[in-house]
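Use these hints to put chain X onto chain A, whose structure you have.
Protein chains in written order, with the working numbering: chain A, 32 to 847; chain X, 6 to 225.
In short, the hints are calculated from the structure, not lab data.
From a predicted model like this one, the values you see are computed outputs, not experimental measurements.
A hint or two may mislead.
[To be verified] Just some of the chain A residues that point at chain X, by a computed CB distance under 7 Å:
hint	residue
1	457
2	755
3	762
Ideal Cβ positions, reconstructed from N, Cα and C, are used throughout, including at glycine.
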Amino acid sequence: MSARSLLWKMNQRTLRREWRQYLVIVLLVASGVALSVGGSVTAFNLAEPPQSQFGNGQFAVMTDSPADTEAALTKGRFAWGRRESATLAVDGSAQRVTAIVMDPFNEVTSPLAEITNGRWPTDETEVALSDRALVDGPAVGDGLTIDGRRLTVVGVVENPTRLDQEFVFLTSLDSFGLRESERSLEFLVDGDPRQLPLPSEGAVSISSADGPSVRTAVTLGAGVISILGMVEVALLVGAGFQVIAQRRSRQYGLLAAAGATPKMLKSAATLSGAIVGIVGVVCGLGTAAAAVAVLLPRLEASVGHRVQFDLPWVIVVFNAVLAVVVASLASRWPARPLSEVPVAALLTSQRPKPAAVGRLAFVGLVGAVLGGLALAFGFARLNPLLALLGVLLAPIGVLLTSPIIVRTAGRWTKRFQLVPRMAGRAIERSNRRSAAIVAALALALSLPVGIAVVTTALDERASAKGPNVAESTFIAWLPGADDGGSRIPSGLDQAALDDARHRVLEVDPTLALVRIEAAVAPNPLVEQWDFDALGPTLGVEPVLSGRPASDQCLVCDTYGFGTFDSNGNEISYVVGDSWIGSPELLTALGIEADLLGSAPAIARSDEFVMVSNGILGDGAPIAVDPAWPQISRIPDLLIAPDLVGNLGFERVGLGWHVSGSSPLSAEERAALRTAVGPELLLEFSQEPQPSSGLRQIALAAGLTIGVGIAFAAVGLFVAELSGDLKTLVAIGASPRNTRSLAASIAAILAGCGALAGVAIGYLPLIALLSAEEFSINFVVPWSTLVSMVVLFPALAGVVGWTVSRSASDLSGPAML
Amino acid sequence: MNAVSRTFGTSPNSTTALKGANFSVTAGEMVAIMGPSGSGKSTLLTIAGGLDSPTSGTVEVNGIDMAGLSPTGVAEIRRKHIGFVFQGLNLLSGLNALENVSAPLELDGVPAKRARSEAKERLVEVGLADRLRAFPDDLSGGEQQRVAIARALVGDRRLLLADEPTGALDSTTGENIMRLIRDACSPSRCVVVVTHNEAVASLADRTVRLRDGAVEVSGS
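So that you can see chain A by itself, here it is in the shape it has in the complex (with noise of 0.2 Å):
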């Protein structure tokens, strides 16, 4: 029989015999397959897919000459589909409801509808619903009046890619005698907006898909987690092979004798290895896709779309072929030193000698103090590449620690008593072990404790700022205004911007009102596409990358345009979402009124300094630092009334800030609402929530996952230690002793495992102090942390107790 054969069957039969073991190690990995993949799965889900905005589109024109941009799309040979809109009253409703007709076939438009009942309306009597376009509403074949007009109804449908949008599918919005104002509608474009050519006359507005940045960014994400996972698994993996490896020490040394060369030994653990990741990552793809299928419903109506399969399919393979190397190399790397030991030693099963901490954990120690100072300049300096460095040295470094760690931990235990020295002691011996379990477990840890310090340092801001609003106040907004980036209010808008004041002192004639206004720039230069003329009057040379319609396009970064000088700046040079900052707003929202004094000055929100637009104007930003309110809506500026006329700026309405002498009851908010109607939305005053589920949530899978590590790190021990367990029994330990060391070693690694955790958990809030922008304080979530640091070192010292065994079981012939 050849070497190889040999060392094949011999890898058979040890895993038959030890399947134990093995079954451990397939679960583990496993487990990591399936939750790097599952996570992968659902974080990449949680972005909204591409399609949402424009379909199979990558921009939409809105143009008042859509005749000329048909020509001009089909001359330019795009794929293009029609998306119609407009708002319907339903007889016999208070409701009104958007209508939308499109091509549900056009290969551009066809993934923002999908019939899920019934079939598409084929002619104008027909419509098409989605679930919950109306309330109690009709079912496929019933009647509905939709503005006086009599329709049936033919299928259910829905907007995969945003499945809480409600709306009715129709086949033309023609018979409902709408004017060209109440009727939106927009070109669906497949290509390169560059490349479009504009019609010679008539206003036209393109807008352009988001760029791929949110779910690039998650994609990446997901793969560092699902990366960080496997290094988790890998971590536990290896402690569990160099068990095996030693209970194999024996069959090597046989082998050994028998003329098995080191590199025989060490392939033969390698297939080992291979075989059990192969089988475990089949299992744990098996196990993600069984788990994605039964939770597909929720997961859809959590991320609010369909989820997409086209998913970072490099992650999955990614995690599949590096669990197979992960198992291989953690079984490898055991087995190295114990193909170096003597045959003789290995025939009496005499382990190598415990490796001393190495080089490789005080590199760690200069790694994570490098990375926590690269973390916190970073973020302080808002340089992304110090901080990604920062991200990824702080945790490894900490993490390569965990051998000084465990040391530590040993000798601590010297002077306790009999069981937890030992304990401590055989800690410090297989310090590699016990080092790669306090990784593993200040890996699992790490997540809950960065959560909770997190949240606890921003709910203490929310709470210190209290309130959106005083309960005595409300806001009444136009709607959209409560959402940046909106279109800009409407003469119509306007009239019932002021008609809602009058409905509001109708029901309390002693509430104050103050107006919300914003800036906006109606720059004739803009407006001409006079860029020569425009170009002096900003001190740069503008190259607009689009072109504004001429009624819409006052903010025109609203819309999407950019305009850039010669260097690709951007130039804002009209300002968007900036309010102006009248002393009776800057008074009632609790800004100390003379702020922006009469100097011609911009205010900047210390919240938005990072999507600031920049500045236009004389006067340099002055750096705001009052208490903020809590609205749902705060400027990027804050511009003086006088340069505002200065500027040759307009003033536009945004709603009604409105205060009374005492708390708003329930009664009296219900009698707003009514009176306001549906024309204005109203923010009533409301408490801050706390973070505090989320973190619960999380202490739970920390505690959950950690529980788990130490159940597997006791079953190394226990199978290690059993020499030494049978020897404690034959001198007189009891049951409770001998259980009492397992307990021990679970709780100090355990312990050591939730320090360590803690550290890294304590990193984020370290970077976010070091950003003067965040504005938080330093927390200590106790709570959290004596969970961490005193509840799981007794919750994994009472599993350690639980699943050892105790000294009857140890009893029996074998002892001798």
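Relative to chain A, chain X alone:
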């Protein structure tokens, strides 16, 4: 041991390791147990030491019937009255020589300082005064066995059970170890040694021979 039998497994595949064995040893006596492989020597020793329970029959140590004791009670008997010396040099790997010897006392609740003081005396008696802090990995086979003997004697135990104590040692070291074991046999303590070695058995006051689980000869 009175009419002790021990059967492993269930019928029809059961194996009887001991068949109604009667055996006793008194203080000051050293008994050697001999017999071919599979004769039940080790089973007898594990039952005598409370590491296993007989299928039938009774075992008394120092007048206490172990059958009626809980696992904790049996552990207490082992801790207070019985010392073991194994062939496999079974020292607790994480503890040094001094701690290994003091371990039974510490388990019995003796304060660590006092336990170590007594352990030190025992180690000095077996000639390891200069190896108190050495870990098992750093000790030779003979030294490990000396530590095991010191551990078996600490706390004035009345019964020393040794299973092939010289099996893993060279002849000179083995002789030294057996001398120590012989010396351990005092008016208040008895010794039972399982061995294949006639030379070892010759040091005993009495030899018990086992064959197929039954006591064949019990005499001097």
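To see whether the hints hold, each was checked on the structure:
1. Taken as an interface hint, residue 457 of chain A checks out: its beta carbon lies about 5 Å from the nearest beta carbon of chain X, inside 7 Å.
2. Here the hint on residue 755 of chain A is kept, as its CB sits about 5 Å from the closest CB of chain X, short of 7 Å.
3. Because the beta carbon of residue 762 of chain A sits about 5 Å from the nearest beta carbon in chain X, less than 7 Å, this interface hint is met.
Hint compliance for this structure: every hint is met.
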